[in-house]
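Undergrad: If you follow the hints, you should be able to join the two separate chains into one complex; please do so.
Read off the chains here:
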Amino acid sequence: MLVTKGFEGHLRADLFRLFLAISAGIAIVWLFLGSPILATPTGIAWVFTLLLTPPLAFLERQGRSRKSSILILFGVLGLLLFVAGATFYQIIAEEWESIQREAPLYFSQALEKLTAFESKMASRFRFIGRGRVSAWVNSTSRETATWLLTHGTSLAGDLLTNLILVPILTFFFLSDGPMLRKRFFQLIPNRFFESTYSVTTKISNAISDYLRAKLIEATLVGSMVMVGLALIGAPYSVLLGLLAGVTNIVPYVGPFFGLGPALIVVGTDPALSQLLVPVLVVYGVANAIDNIYIFPVVVAKLVDLHPLLLIAAVTLGQEYYGLVGMLISIPLASSAKVMITEIAASLYPRRGSKAHGR
Amino acid sequence: MPSRLPHPLFGDLFSRRNQAKAGLLESLKHAPLFKDLSHRDLRYLSQFIYERHFEAGESIFGLGERGLGVYLILEGRVSIRSLTPDAPGDDPTPRTEPEMAQLGEGSFFGELALVEPDHLRTTQAVALEATRLAGLFQPDLNEIVERKPSVGAKILLRLGQVLARRLIETHDRLKTLEKYREPSHARHEGV
Chain A
1 MLVTKGFEGH LRADLFRLFL AISAGIAIVW LFLGSPILAT PTGIAWVFTL
51 LLTPPLAFLE RQGRSRKSSI LILFGVLGLL LFVAGATFYQ IIAEEWESIQ
101 REAPLYFSQA LEKLTAFESK MASRFRFIGR GRVSAWVNST SRETATWLLT
151 HGTSLAGDLL TNLILVPILT FFFLSDGPML RKRFFQLIPN RFFESTYSVT
201 TKISNAISDY LRAKLIEATL VGSMVMVGLA LIGAPYSVLL GLLAGVTNIV
251 PYVGPFFGLG PALIVVGTDP ALSQLLVPVL VVYGVANAID NIYIFPVVVA
301 KLVDLHPLLL IAAVTLGQEY YGLVGMLISI PLASSAKVMI TEIAASLYPR
351 RGSKAHGR
Chain B
1 MPSRLPHPLF GDLFSRRNQA KAGLLESLKH APLFKDLSHR DLRYLSQFIY
51 ERHFEAGESI FGLGERGLGV YLILEGRVSI RSLTPDAPGD DPTPRTEPEM
101 AQLGEGSFFG ELALVEPDHL RTTQAVALEA TRLAGLFQPD LNEIVERKPS
151 VGAKILLRLG QVLARRLIET HDRLKTLEKY REPSHARHEG V
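Residue numbers (my numbering), protein chains in the order written: chain A, 1 to 358; chain B, 1 to 191.
Simulated from the structure, these hints should not be mistaken for lab results. Backbone N, C-alpha and C define an ideal beta-carbon position, used for all residues, glycine too. Possibly wrong hints are sitting among the right ones.
Covered by chain A, per the in silico footprint, the following chain B stretches (three or more residues, Cβ under 8 Å) [said to hold, decoys possible]:
id	segment
1	61–75
2	144–156
With a straight-line cut-off of 16 Å between C-alpha atoms, the simulated EDC-like cross-links for lysine to aspartate or glutamate are [said to hold, decoys possible]:
id	chain 1	residue 1	chain 2	residue 2
3	B	Lys148	B	Asp41
4	A	Lys202	B	Asp118
5	B	Lys148	B	Asp36
6	B	Lys29	B	Glu75
7	B	Lys21	B	Glu75
8	B	Lys154	B	Glu143
9	A	Lys202	A	Asp304
10	B	Lys148	A	Glu60
11	A	Lys182	B	Glu143
12	A	Lys337	A	Asp209
13	A	Lys113	A	Asp269
14	B	Lys21	B	Asp41
15	B	Lys154	B	Glu51
16	A	Lys202	B	Glu143
17	A	Lys182	B	Asp36
Okay, chain B solo, but in the shape it has when bound (with noise of 0.2 Å):
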């Protein structure tokens, strides 16, 4: 049987959108937050996914702004930076400190403002190149695990699971700071 033509006009229209949406549920599938998830899952999870354009140098979330949700990098790289607005001194102005992170495609961040209420961003995110990201925000999350628990249940373990690390790896940085504090300290004292 031969294979129908596209239409002139119209014939890659559907199928751009179809493109694109399994463009969508690729990334989706190897996201660390989306791992336990099937392909049906999937597909009802990307009826909540936003999917966002920034340009090369544009801010994706600044410091201490009300922060909603988390995003998933499926194009371009990300810088995360932390500012801080306290700067000792009379300057006023921000100052800039070293990029924490910089992430490329397949990583996610700002997945604290998923869980906390009224988040407050802790760090800068800004595009290093034309990316393309896929958010996913708390009252979809919530509709979600209304609607569909067990899809709901599989993100909120996998989230879990990303927050115990991060909070074992900041636990070991603690650690390792005061490993190198407690010479310096007591050496003072000793003075």
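Looking at chain A on its own, in the form it has when it is part of the complex (with noise of 0.2 Å):
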């Protein structure tokens, strides 16, 4: 005997139990993003779990249990860490302590050409207005001070907690992620369960391919200007590199925010001067092989959208949530384009795709 249709009733209470899944989903979310003390740590400890999740599978395939498998990560982790930290901090030390003794000057440099360059303009077309960037950027600057100083004790503290919490957190995601999901999923009633699982899974990955590919391209971008710099004799090529690197997560202008540091560094000190065009070489040829050959094949192989999409989203990103808006734009569109994806697949199943079998 078929009894489905009894079941059509059921519809508003499932509906119900899909409702208050995802409200506890949500709330256990927003425990950790909502508060500003975890929402930093859990971000980047769940970022972290992003890119630690392919060595911890090659770790299990080699026949380990998950547990010891994410210990020998630690372990291996902390050791590159403590090397590098060895190998580095002596270079990025003496770069950071130059660049804090230096950086009042290549700012009040910097301002004193914007000035010029900014009434010579003023000068030549009558519409611009005097002195409006130049004042903007002092102002902004003395703010930004202003704020680092204020907050530099709260900021420090704050560091040293994400230094505690986000490995601890990282460990748990690690450890106790899918047990975590699989009771998520037993919360979704039946007739909800499997396209819930798949739009999350497809959404998960999506995000996760996203994050690694554009974190592998950041490295690549930040080792080329390091080593770039390094051999025109360019200085802080370490703290430019990395900041290179950094910026170049953030689409479309994170290069430009990249270049600009570089640019007063060489700009304003006159003994530097000859390094203007090498500097540029450098970052252009970075940013040349990233769009022909690093993100046509790591990142936009997994971005399957328009570019205009892409270009909407990350603006309305930036207009919204800034920086971190458009950091986090895109993998955000492919997400929605996922779910819209599957939701037009279930209302409209494709014709005459009737596979044999059950």
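TA: And the structure:
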């Protein structure tokens, strides 16, 4: 006897159960991401979890248990951090001290040049107001410096909290993540189980693939800039390379943010003026290689969205959440596409796709 | 040494869970798809298994729905039916065809969804009584293949054998149908 029609009456109850399950999931996520003290370490730990998943799978493939693989991974990472710290600490510390000493000079010289350029442009083109950009740069920099001075202590405290919390959270995400995910899916009503499972898996894959690809891209671009600057004899090659890598994570405008400090350093110091063109060439080559080889091979394959949609997503992300919004806009747009595709596929199933068997 | 008495409040909390896990492992062990797996492999596999409970008459999946995995019957009975949405004539309502199979404990169904991307279910599965199922889904099978290739290979080999057997059975049925069709076809032509 087929009695499935009687279950149409359960639809309301199932929808309510689905709503409760999703609300519970959102509440747990909000508990971590909603509170300022937990949001940053949770976010970083989540990114680390996504990045460490492939090496963890590799270790598990060797026949080790998940827990022992995680411990090995943490041990290796700790060792690598120690070696990298011991190797680069001296260079980074020296570059940091030097940049701290020289920064006010670089800043005042850059501002002077900007003001002079502005005056020149304003006298040539009357419609340009005098001193607008330089005044804005000046006030913004003063505000930033004041903020850093007043929040410096709490920033150091946050950094220490993150240094402790991030490894702990990453460990638990890696070890208990699959179990927590399973518990969540047990709450989903039968009728929505497979579709919810399919959509969340695809979204999770889209976000983790994108973040991994961006990290690979940022590492390659950062390394190229670092090596290039070192080869032409530019100062602060390690710091500027690191900065180029980090800013490259932000789509489209990131490379320009990375280039800015390098231009200020070589553009304001008369002793380094001969490096202006080589520095532009280094950044240009690194970004050309990124746009021609790295991005199409590593990132674009994972983001099946029209360039116009990508630009719209990045612009909207910037509009509402600034830099973080620009960073997360593309994976969120990919997730939205996955959801729309899945809903469309369930509403309008393919015709003539009857497979054999059951 | 005297055995410890269970705690009056929490004594059976963990033992129940362990019993349920042991029951699941026992059921998985006897499933044709997981026959080649060792106890250790089965314990690993059980992390990826989702237990689902269905009431009598509840639909497990419907024809044309997107399918993601295979279901093993741990308890209860399931009816497998084929519906034809494009019924001939003016009647737009789907026509229910006779039951193709009635499956009991230890049987499994929906295995095509494990291998075909974006699979659409070609049958309808309905619980005939209170039924407990163990589901294994495509993303989890992919993860097993990635993390424990030896376990994944054993499951895929068994899955291949099951699909091959079903293909042979279908082929035989088609041949039988053709045999029945040929004389009448010939008679029509003769007329």
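Undergrad: Okay, which hints does this one fail, numbers in order?
TA: Those not satisfied are hints 15, 17.
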